[in-house]
Amino acid sequence: MSPPVRIRWKGGFTITEALVTVLVFSFFLSVLFFTLAYGFRTYSVAVARSDVTTEARRLVLYLEGELRSSAYFSIDTVQRSVSGRDRDGLCFVSMLDWSKPGAYNVTEDRPDWDRYLLYYATTELPSGRLVRVALNPQAPEDVGGFPYPLFVDDPDLYMQEDPLAYKGADLSNVRVLATKVKSFEVNLVPTTQEIEVRTVLRQNGVMSRRGDQRREGGTFELHYKVHPQNTR
Amino acid sequence: MLALVMLSLMIVGVLGLLGSLLVASTKSTDATAGTFVAQYLLDEAEITGPPDPAGGVVEGTEELFSHEEERPTVFRYRMIWTKVGEAETYTASGKTERVQFGPDLFHVTVKVWWMVENPEDGRAEGGGRRTVTFERLISAELKKS
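Top line first, the protein sequences correspond to chains A and B. According to our numbering, the first sequence is numbered sequentially starting from 8. According to our numbering, the second sequence is numbered sequentially starting from 3.
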């Protein structure tokens, strides 16, 4: 009687099987990573667009509304640029509370102005900030000179890179309205007594492909002319 | 095999979803820009007045960067001025007597559209509505010639 034959099971894979498995998984992993990267990029672009749109809305709400209720003769503009991008400033007269008693100056037949507003863009690159400064001069300057004499004398004193750096006695409050200002251009139109404002807001997406010539992100341009209604 | 097929379907679905997100954000910023353009045009119309004492149509374009940095979006517009009444003929504030505060009254409609050639189309394929329409009553002082 011959001894029983022991059949030995050969476990494991051939090298070909292992290679095919690795290839298939590599393919799916790369697709997965591509999807993930595309997802991050798309999300960052959507967020960037949403951010610049929100800032644009805020700008329109403040600047356009306050300019509209101002007076053309009170406006002083400062033109400046950095790397070819406009970072202008403008100062005009305003009133804190239009509903207060005595808001109208009957003697001079005009609103009883009680403050000046200054809007300017800082010069950081690639994006500056749009700063709104409320100036409430006390006696003896008070509000009465148009444009604001102290601003006309030394605009750089007011238009500082650090919005909180100015500590003058006429300072009322400072607010940063936008942080993604690519350019802020202000021009006076004397023939129609309008102010033309052109603002470009730009925020890059957080991720972009290597070697891309352009960065994806959000860009929003505002362009409008405002005729201050208390111009006479 | 089934797992691979399901994974593929999921990836395709996620890619489609992300693409839709991008289209939606583009559409949203364009619509906001279009709204600003329409408001700006109406504000300007109050200053410039109607093209003709009887009313009329004004057409034009405005180029603004609304989502891409290099390529501006072209916003086309059509503004229709319709004379509602001359100063001597209409009443205001519910009064019965004529309230002649000077200028003629116009009903102004401005339609702004972008990324479509014809405003009547109003939609781009897969992009949703691409037109806004604003109306305003404007009392315009006609310029003396």
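Since the hints were made in silico from the structure, they are not lab data. Be careful, since some hints might not be right.
Derived DSBU-like pairs (lysine-lysine); straight-line CA-CA distance at most 30 Å [said to hold, decoys possible]:
{"#": "1", "chain 1": "A", "residue 1": "Lys232", "chain 2": "B", "residue 2": "Lys85"}
{"#": "2", "chain 1": "A", "residue 1": "Lys107", "chain 2": "A", "residue 2": "Lys174"}
{"#": "3", "chain 1": "A", "residue 1": "Lys174", "chain 2": "B", "residue 2": "Lys29"}
{"#": "4", "chain 1": "A", "residue 1": "Lys232", "chain 2": "A", "residue 2": "Lys107"}
Simulated restraints, written as ranges between beta carbons of each label pair [to be verified]:
{"#": "5", "chain 1": "B", "residue 1": "Leu11", "chain 2": "A", "residue 2": "Asp169", "range": "51 to 57 Å"}
{"#": "6", "chain 1": "A", "residue 1": "Pro197", "chain 2": "B", "residue 2": "Glu72", "range": "30 to 36 Å"}
{"#": "7", "chain 1": "A", "residue 1": "Ala25", "chain 2": "B", "residue 2": "Ser10", "range": "19 to 25 Å"}
{"#": "8", "chain 1": "B", "residue 1": "Ile82", "chain 2": "A", "residue 2": "Thr42", "range": "19 to 25 Å"}
{"#": "9", "chain 1": "B", "residue 1": "Glu72", "chain 2": "A", "residue 2": "Gly109", "range": "51 to 57 Å"}
Don't be surprised by glycine CBs; every beta carbon is placed ideally from N, CA and C.
We went through each hint and held it up to the structure:
Under the criterion of a C-alpha separation no larger than 30 Å, the hint pairing Lys232/A with Lys85/B is consistent with the structure, at around 25 Å. In summary, the hint linking Lys107/A to Lys174/A is supported, as the alpha carbons are separated by about 28 Å, within the 30 Å threshold. The suggested pairing of Lys174/A with Lys29/B is violated, with an alpha-carbon distance near 43 Å, which exceeds 30 Å. With a CA separation close to 29 Å, the supplied pair Lys232/A and Lys107/A stays within the 30 Å bound.
For Leu11/B paired with Asp169/A, a C-beta distance near 54 Å keeps the hint of 51 to 57 Å intact. Separated by about 34 Å at the C-beta atoms, Pro197/A and Glu72/B satisfy the suggested range of 30 to 36 Å. The hinted window of 19 to 25 Å between Ala25/A and Ser10/B holds, with their beta carbons roughly 23 Å apart. For the hinted restraint 19 to 25 Å between Ile82/B and Thr42/A, the CB-CB distance of approximately 48 Å leaves it violated.
The beta-carbon spacing between Glu72/B and Gly109/A, approximately 53 Å, falls within the hinted interval of 51 to 57 Å.
Checked against the numbered hints above, the structure violates hints 3, 8; every other hint is satisfied.
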